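Using the hints provided, position chain W relative to the given structure of chain E.
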Amino acid sequence: MSMQVEKFYYDNKIVRAFGYATVIFAIVGMLAGLWVAIQFYAPAASLNLAPTTFGRLRPLHTNAIIFAFVGNCIFTGVYYSLQRLCKARMFSDKLSWIHFWGWQSIIAAAAITLLLGYTTGKEYAELEWPIDIAITIIWVVFGINLFGTILKRREKHLYVAIWFYIATWVTVAMLHIVNSLEIPVSFFKSYSWYAGVQDALVQWWYGHNAVAFFLTTPILGLMYYFLPKAANRPVYSYRLSIIHFWALIFIYIWAGPHHLLYTSLPDWAQSLGTVFSIMLIAPSWGGMLNGLFTLRGAWDKVREDPVLKFMVVAVTCYGMATFEGPMLSLKNINAISHFTDWTIAHVHIGGLGWNGFMAFAMMYYLVPRMWGTKLYSKKLATNHFWLGTIGIILYAVPLYWAGFTQSLMWKAFTPEGQLKFQFLETVTNIIPMYITRSVGGALYLTGALIMAFNLYKTIRQGKFVANEEAEAAPLLREAHPKREYWHRILERKPVMMLVLSLVLVAIGGVMELIPTFLVKSNIPTIASVKPYTPLELQGRDIYIREGCYTCHSQMIRPFRDEVARYGEYSKAGEFVYDHPFQWGSKRTGPDLAREGGKYPDSWHYNHMYDPRSMSPGSIMPQYVWLLDNKLDTSSTPAKIRAMKTLGVPYPEGYDKIANSDLMKQANTIADNLKKDKIDTPPDVEIVALIAYLQRIGRDIKAEPKTQTAMK
Amino acid sequence: MKFIHYIEKISGVDIYGLVSLLIFVLFFTLMLTWVFRVDKKKIKEISEIPLH
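Residue numbers (our numbering), protein chains in the order written: chain E, 1 to 711; chain W, 1001 to 1052.
Extracted from the complex, chain E is given alone in its bound form (with noise of 0.2 Å):
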């Protein structure tokens, strides 16, 4: 069969835009993380300035390390594998360009709008609605390029890198989509759709599959595709990649409720969590075998390689990070880890190993090729490694055994049944445990930049090579060989591929909320519970703005340690009015579920205007704006109307006197206050915070007690 071939040029652009804006926000992130690192022994770098006070910079380091520096490190990678995979350029270089330009925007409107305080209050989906929506069009475009490149590929076989881009594509998408459901109340201020369990139900839902679909799977396409390139051999077994992708994707998606272990979420939910949790141990540490028994035999070629090395150990952590997450499923690990540094070092684990280094080795293996020369400096490369290596067990180890610490100082008593130790005392503790934290996240910042280093030299040296020339024979259609297996046809149809896959990551997501939205129930009502004053509603958005949530849980889970020093453990039927739900994930700061009420309004005021002069050795940030802010009361009306499109029981025409429910509460705050001698006008944002935390986890104690007991 003779036919001919044609000559074509990949479009090495697009890879070097992507590239550069990989290690600029890497660069970016680690920053914003070692600086919220440093807040926790030393408050005052908060700078005392809202947009640089953890609670705002803390989502900006999360935001930016996943969708801008793992974010354009995976379009790096699929926009240079996937023109080599399917021996063709990219479909449209138009579209190629509005998706660089496009995320590089949304980035930019990102960060000013976390550090201005816009956000959703829902983890790693903080960004506002016409950010979501941006996103939303960008991803349709990247959709679009990266289906057009695959339809006009010269090369049968989609190899199974393409599956886990296909994978990411549409799993990310349905995601996005479904959590991201909200309704505006003003251009940059939304409530979520959902309320209190089913918020936590789809935040987590999303959150674990972010993890799954945005930082592990395309990074395993990644993996699939550099190691076997760098190694210069195929990967071990392609049958066992087969089984790793379908394993994982199948698996991943039902795993989301082990966030939310001994919480409010109906019992069944997270048992179906844990179970699907432990099952992921088996694709994971196929892929991750996988990924290491490419390099028998060749492990003289990784002492010599820093490409190799890099991916070694992402691989390792990999499997580290997905060996210990079921661990973390299992309710009695749960019950020790939660809410602790541990989840913390867990993560960093996954995030600084597995696509920090997977990125660097990338970088590394890319820059000498597309400038046509070599690495300007081995030794700094390895420099790198190690201090990176370094960094990353200075890091997590700490944290570690800073979980560990507190949580067993959480749970212990004196042999007189009290709780042995008061929160701060569990904080100051590990203070030591924060130090080290920083210190590894230090080394590891220190090892980007002498990569970025390494790589402008590299591309000082070398000439970039814009289109790089390639041939290939078209793909003819063929008749079908005899003896076809159907899922030989299948990996020849993409578009298959993509309705296979979102059957099977939309089949979880169903059997999992469905229930949960439907079924009464898993979701008892509690008579007593109200909606919140309108002056209640305005201080939970300071709340929500400022990032409380980040250091402080509401979620008292039922434990006898928790129960004693909290108050009552808190019931699925609480939240029912919360949009969106405030459980939080972290608590550097004690839980707040049973806030209201258990410090006069005066406490409150004095300790965010300076929390260690009520509690010294306090590491929470001073809130000195919000005694001066004049609160919005403009937008009452508009948040009480949102509400009530929620289902939210606000009577009829209730957002137009709202404005006068609101002064009149507020006076009552301020007349409290002075008979504590603090002066303050009644329309200031302190007022509407002090009415919130004076009313979290009120309600239930209206109702009367045999029925609570009940339930």
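Hints may be right or wrong, so weigh each one.
[What the hints assert, rightly or not] Here are the simulated lysine to aspartate or glutamate pairs, EDC-like style, with alpha carbons at most 20 Å apart:
1. W/1041 - E/155
2. E/229 - W/1039
3. E/156 - W/1039
4. E/571 - W/1048
5. E/493 - W/1045
6. E/493 - W/1039
7. W/1040 - E/155
8. E/331 - E/416
Everything labelled a hint here was simulated from the structure, so no lab data went into it.
These figures come from a predicted structure and were not determined experimentally.
Only chain W this time, still in chain E's reference frame:
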């Protein structure tokens, strides 16, 4: 639109478990069957795509 609980209680909830298990077993049986039946030469060819 509001999220109302349309159903008071879920009756015959066991069917959910059974169906899930069935889908799960069926899916993996099918997948494993073809993975091990698929032609060796073809697999080798595909796995070498990145190296060309």
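### Query
Holds or violated: residue 1040 of chain W with residue 155 of chain E, Cα cutoff 20 Å?
Given that 20 Å is the threshold and the Cα spacing comes to 19 Å, the pair holds.
### Query
residue 493 of chain E and residue 1045 of chain W: Cα distance at most 20 Å?
At roughly 18 Å apart (the allowed maximum being 20 Å), residue 1045 of chain W and residue 493 of chain E satisfy the hint.
### Holds or violated: residue 493 of chain E to residue 1039 of chain W, with C-alpha atoms at most 20 Å apart
19 Å, holds
### Query
Is the Cα-Cα distance between residue 156 of chain E and residue 1039 of chain W 20 Å or less?
It holds: about 16 Å lies between the C-alpha atoms, which stays within 20 Å.
### Query
For the pair supplied as a hint, residue 1041 of chain W and residue 155 of chain E, is the alpha-carbon distance within the 20 Å limit?
Status holds; Cα separation ~16 Å.
### residue 571 of chain E paired with residue 1048 of chain W [C-alpha distance capped at 20 Å]
Roughly 56 Å separates the two Cα atoms, so the pair is violated.
### Query
Given the hint that residue 229 of chain E pairs with residue 1039 of chain W, does the C-alpha gap stay at or below 20 Å?
24 Å, violated
#### Entry: Proposed proximity, residue 416 of chain E with residue 331 of chain E (alpha carbon, max 20 Å)
28 Å, violated
Consistency with the previously given hints fails for numbers 2, 4 and 8, ordered from lowest to highest.
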